[in-house]
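With chain A fixed as given, assemble chain B onto it according to the hints.
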Amino acid sequence: MFGLIGHSTSFADARLLAKRLGYDEYAEGDLDMWCSAPPQLLERVRVTSPTGTTIEGAYIDSCFVPEMLSRFKTARRKVLNAMELAQKNDIQITALGGFTSIIFENFNLLKEQQIRSTTLDWQRFTTGNTHTAWVICRQVEQNAPRLGIDLAKARVAVVGATGDIGSAVCRWLKERTGIAELLLVARQAQPLIELQSELGCGRILSLEEALPQADVVVWVASLPQTLSIDTASLQRPCLMIDGGYPKNLDSKAAAEGVHVIKGGIVEFGSDIGWQMMAVADMAKPQRQMFACFAEAMLLEFEGIHSNFSWGRNNINLAKMDLIGAASLRHGFQALGLETELQPATNLAVA
Amino acid sequence: MPTIESNPAVASLATGSEPMGHAADALPDFTCPVYKDAYSRINAIVIEGEQEAHDNYMALGTLLPDQADELARLARMELKHMKGFTACANNLGVVADMPFAQEFFSPLRNNFQTALGEGKVVTCLLIQALLIEAFAISAYHIYIPVADPFARKITEGVVKDEYTHLNYGQEWLKANLEASRAELEQANRDNLPLVRRMLDGVAGDAAVLHMEKEDLIEDFLIAYQEALTEIGFSSREIAKMAAAALMG
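Here the protein sequences come in this chain order: A and B.
Using the working numbering, read the first sequence as starting at 1 and increasing by one per residue.
Using the working numbering, read the second sequence as starting at 1001 and increasing by one per residue.
Chain A on its own, in the form it takes in the complex (with noise of 0.2 angstroms):
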């Protein structure tokens, strides 16, 4: 069995989730008494491959909200009890959703192993990095030569670049793509450093100093409140793949010429009856999710039962491709730009 973790991406879609689903009382309650909300397992699915295989997965909702953040205790606990949730479920692999696998991360929750009488089994979770990483990169050699890009001539920079998530972009996008110059972009200098010496090559530059320049931008870090960018100033056209959370970007980066993709979403061949996917705002909820919950379905569907991807910088160009060829023998596919942009579909439509 496969398990997501996820919740809602402020306080008023949990609420308003779960009136959906029928818990008034949550519906009614304050961000205190949500503090103190125990994690709810709130969905069993079964899903079908065009392998044909088929396999069974669960929802848990940590019930921990963005709001929460603040409170360092309270995050750390949502996370610690939807995990324990998750293992005395017995369910083999889960995925770390949304702040989930943040939170462990940057709060260090490898050493809160033990969680009342259950001792957390690291082998049965995993963050889903890979395949985000993956279906970024798909994302930017898919939808690149749509709007006319020459990847081969083009710069991309990749904001958020020494991250999990972002240093396995460049280096697929180093390895893979062969593109003409990679512009790493992070808010520590020492990091980027370390990358560029790994990689061999990449430019470090600042934001703004970066943006401008490229003719491709995966980001992979959450845009604060106040950013602002200036869209005059972008290259025509400009592909941006948006692979932060939350995903903010089309409001931040609207312009004519300027085409934003949310990264790392993808989309199954068929309707998941689940209800789960509509608070976190997906075109089609019952076929999109985010990547990452979608590499538990493929860990599960493969029968690989490890965490997959776990801790930062281990995920590699092998990892990336039994994930990739994986999501696409069961019919993932990453989210591409809107229809009317490719010229394909007009011409069929014409």
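Incorrect hints may have been included.
Result set (EDC-like, lysine to aspartate or glutamate): computed pairs, CA atoms no more than 16 angstroms apart in a straight line [as the list claims (entries may be wrong)]:
no. : chain 1 : residue 1 : chain 2 : residue 2
1   : A       : Lys19     : B       : Glu1230
2   : A       : Lys88     : B       : Glu1230
3   : B       : Lys1240   : A       : Glu25
4   : A       : Lys73     : A       : Glu112
5   : B       : Lys1120   : B       : Glu1185
6   : A       : Lys153    : A       : Asp121
7   : A       : Lys88     : A       : Asp121
8   : B       : Lys1240   : A       : Glu28
9   : A       : Lys174    : A       : Asp321
10  : A       : Lys111    : A       : Glu84
11  : B       : Lys1240   : B       : Asp1190
12  : A       : Lys88     : B       : Glu1226
13  : A       : Lys284    : A       : Asp271
14  : B       : Lys1240   : A       : Asp321
15  : A       : Lys153    : A       : Glu141
16  : A       : Lys284    : A       : Glu267
17  : B       : Lys1080   : B       : Glu1156
18  : B       : Lys1213   : B       : Glu1230
19  : A       : Lys73     : B       : Glu1185
20  : B       : Lys1240   : B       : Glu1156
21  : A       : Lys262    : A       : Glu181
22  : A       : Lys252    : A       : Glu181
23  : B       : Lys1213   : A       : Asp32
24  : A       : Lys73     : A       : Asp32
Source of the hints: derived by calculation from the structure; they are not laboratory data.
Okay, now just chain B, sitting in the frame of chain A:
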């Protein structure tokens, strides 16, 4: 999932600008008068809780004569726990405030006694084997990381036993769910708000011991929800039943 390198809320947490929590950085000063004063009440609650548990299991034996031996065995364990916790107070040189604890438990005790008088096994089991046991388990779990070394060892032993007691009530109610459902739901409505009031009432003293109310409530609900799940209630039914503990 994506990183949040530039998210200021998490960036500040990641750099440790937020306290890491009591458990992670410091134990309380077990010798200071403020600690001992709070401990006198918390310890008394624990001792009284174990005494009541003993009495309640013995009383349940009168309603379930075929299980009287097993219930007497559980009751004996509770007395052993009580002695352990009494030793914890002695170790710190604290005198447990028993009148406070007896008053603290009186609403639940009254409800138990009323149900006992009416021969309501289901209500009695809900009060003792689910609510009180889940309350104890959560409190002990939260207490262990911040306990003095002597009490820590004793509490670790006790918490293992308490799970078997929770399990007892859970198994009985599971086997008799359909006949018990309505009474269980009513007993939950009548008694869960009392547990929440008890948690609120003890929050100030618990905080002195570095046990936080938010942790206590969530841990209690996890234990209680697990028991209700095992008994056979659905997630939605449980969320409805548990809400009384969250609402305050």
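Verification of the supplied hints:
no. : hint                  : result
1   : A:Lys19 - B:Glu1230   : violated (25 angstroms)
2   : A:Lys88 - B:Glu1230   : holds (12 angstroms)
3   : B:Lys1240 - A:Glu25   : holds (7 angstroms)
4   : A:Lys73 - A:Glu112    : holds (12 angstroms)
5   : B:Lys1120 - B:Glu1185 : holds (13 angstroms)
6   : A:Lys153 - A:Asp121   : violated (46 angstroms)
7   : A:Lys88 - A:Asp121    : holds (11 angstroms)
8   : B:Lys1240 - A:Glu28   : holds (12 angstroms)
9   : A:Lys174 - A:Asp321   : holds (15 angstroms)
10  : A:Lys111 - A:Glu84    : holds (14 angstroms)
11  : B:Lys1240 - B:Asp1190 : holds (14 angstroms)
12  : A:Lys88 - B:Glu1226   : holds (10 angstroms)
13  : A:Lys284 - A:Asp271   : holds (9 angstroms)
14  : B:Lys1240 - A:Asp321  : violated (46 angstroms)
15  : A:Lys153 - A:Glu141   : holds (13 angstroms)
16  : A:Lys284 - A:Glu267   : holds (8 angstroms)
17  : B:Lys1080 - B:Glu1156 : holds (14 angstroms)
18  : B:Lys1213 - B:Glu1230 : violated (26 angstroms)
19  : A:Lys73 - B:Glu1185   : violated (32 angstroms)
20  : B:Lys1240 - B:Glu1156 : violated (32 angstroms)
21  : A:Lys262 - A:Glu181   : violated (23 angstroms)
22  : A:Lys252 - A:Glu181   : violated (25 angstroms)
23  : B:Lys1213 - A:Asp32   : holds (11 angstroms)
24  : A:Lys73 - A:Asp32     : holds (13 angstroms)
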